[in-house]
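Visitor: Chains as they are written, first to last, in the numbering used here: chain A, 9 to 335; chain B, 455 to 660.
These are calculated hints, taken from the structure and not from any lab test. As the structure is a prediction and not an experimental result, all values here were calculated from the model. Please note that a few of the clues may not be correct.
Each computed EDC-like pair below joins lysine to aspartate or glutamate, with the alpha-carbon atoms no more than 16 Å apart [said to hold, decoys possible]:
hint, chain 1, residue 1, chain 2, residue 2
1, B, 482, A, 329
2, A, 269, A, 329
3, A, 280, B, 465
4, B, 609, A, 329
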Amino acid sequence: MLGLGIESTAHTFSCAIIEKKRNKGKILSDIRKIYRPANGEGIHPREASRHHIENCSSVLSESLTEAKITIKDLDIISYAAGPGLGPCLRVGAVVARSLASFYKIPIYPVNHAIGHIELGKLLTGASNPLVLLVSGGHTMLLAFLDKQWRVFGETLDITLGQLLDQFGRSLGFASPCGKNIEELASTSSNYVTLPYSVKGNDVSFSGLLSATKSVAKKNKIDACYSLQETAFAMISESVERALSFTRKKELMIVGGVAANKRLSEMLQDVCKRHGCKFFVVPLKYAGDCGSQICWTGILESKVKPGTLLKDTFVTQSWRLDSVVVNY
Amino acid sequence: MKLMKKGAEADIYQMMWQNSKAILKIRKPKNYRNSTLDSKICKQRTIKESQMLSQVKSFGIPTPLVYFVNLKNNSIIMQEIPGKPVHDLSESKIIELSKQIGKLVGMLHQNGVMHGDLTTSNFILFQNTVYVIDFGLSQNTIKSEDHAVDLRLIKEILNSAHAKIMQSAWKNFLLGYKSIVGSASFTKITKLVLDIESRGRYAQVV
């Protein structure tokens, strides 16, 4: 079975093709074009969607060429239907709908966040993990129970990705800023006290963001170091709490911030303490990509037929804990 | 000394204290955390927990007795409550006890205490009495917003770990809670819970 997945929830427009044989998936191609806002600025939804429109046809043809297939070979098409930025989501949906209706291929709307988790499971081999999803759009701790991913902890305000990006932008970095912050942080070891806000299994980052900005006025490097130490320690603590509460023996970390080495290092330590296996999604597939959408669509196609064109929605706010998983 | 449980925050040992069974809860340094931050957190929580375990007794919350506190290694020795965490009880029992848990939380809030870590593992049923433990994240606060954060957490836990019985357990919890705090506070705080939820990521926006 061959599937095409289209991702366009935020800054990335991506098309990927996966071949499924029995229960194994093989990524044949995963082509991305990423919209880059000016230094110090965030995503402008209109500009991002314009970027996606300008690049969608070339990304699509490149993904087909690299996979050495034609559109007619495809068995299903999936697209990210949310959560994300409306104008951006619409681009992916339009591309998917056009292909599906012209070539009469079944179409599947997919939840972007579920995509992160499913691709992570495919690539890491984790079977029943506690999942830490950390990206620009999400900061959540999840475990699968009774056909749904259940939230065991999450941020009460902004996400870890937003925290890093908003702080990074205030220093004039280009988003995503995680890498710049990590590099600066590695040159300091001077910890400045910052607000540490863990509420049970939940975290709150907004106070930390304001406090770090004011520390940065005196010393940028110390601010980066202390921000990472504080924010990641908060995350690690919630992970520890959720691990001991759910008694899971696997931890999997997915999403853009999974690329951060310091965070992985801390979580590895947590896992060691709790005798639990640690899985982190490969760097290349940590961020948004077509593969996550494609693979989830393929999984869904096992249990249901394609969606009617009139029902191919996009939803900006679509929580993953509202999705029923039957496969 | 026997290691009973490696909790998220601390290690729990069983021991004897003056001829009675006791629990040693020790917050060991966490390697992953910056050491300045780590020692601050461990110390603060050990102090908070030991104070609160005693303080809430004064208004009728069943908690373990504190025998000894050692701030050099951030440990607390306390009475052992040899019951079962509510988390591990049968579904029907959890539904039934939810009302009592709601009452206990109501009593805490009415006396200006937020627990900070309301999960079903932190309530222990022993001889028909529900004991409250784990006050490391507790705070003295009369702010309704803080109390609402408490309710949101237990709601989240019911929603995830006890999804099947969520509706009935949550209903019972609220009944118990309301019977203690009164309907005026109840309305205010439950509205705040919805506010907090609506601030969450991708919450349903009406």
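Visitor: To test your reading of the hints: which numbers does this structure violate?
Guide: Per hint list: 1, 2 violated.
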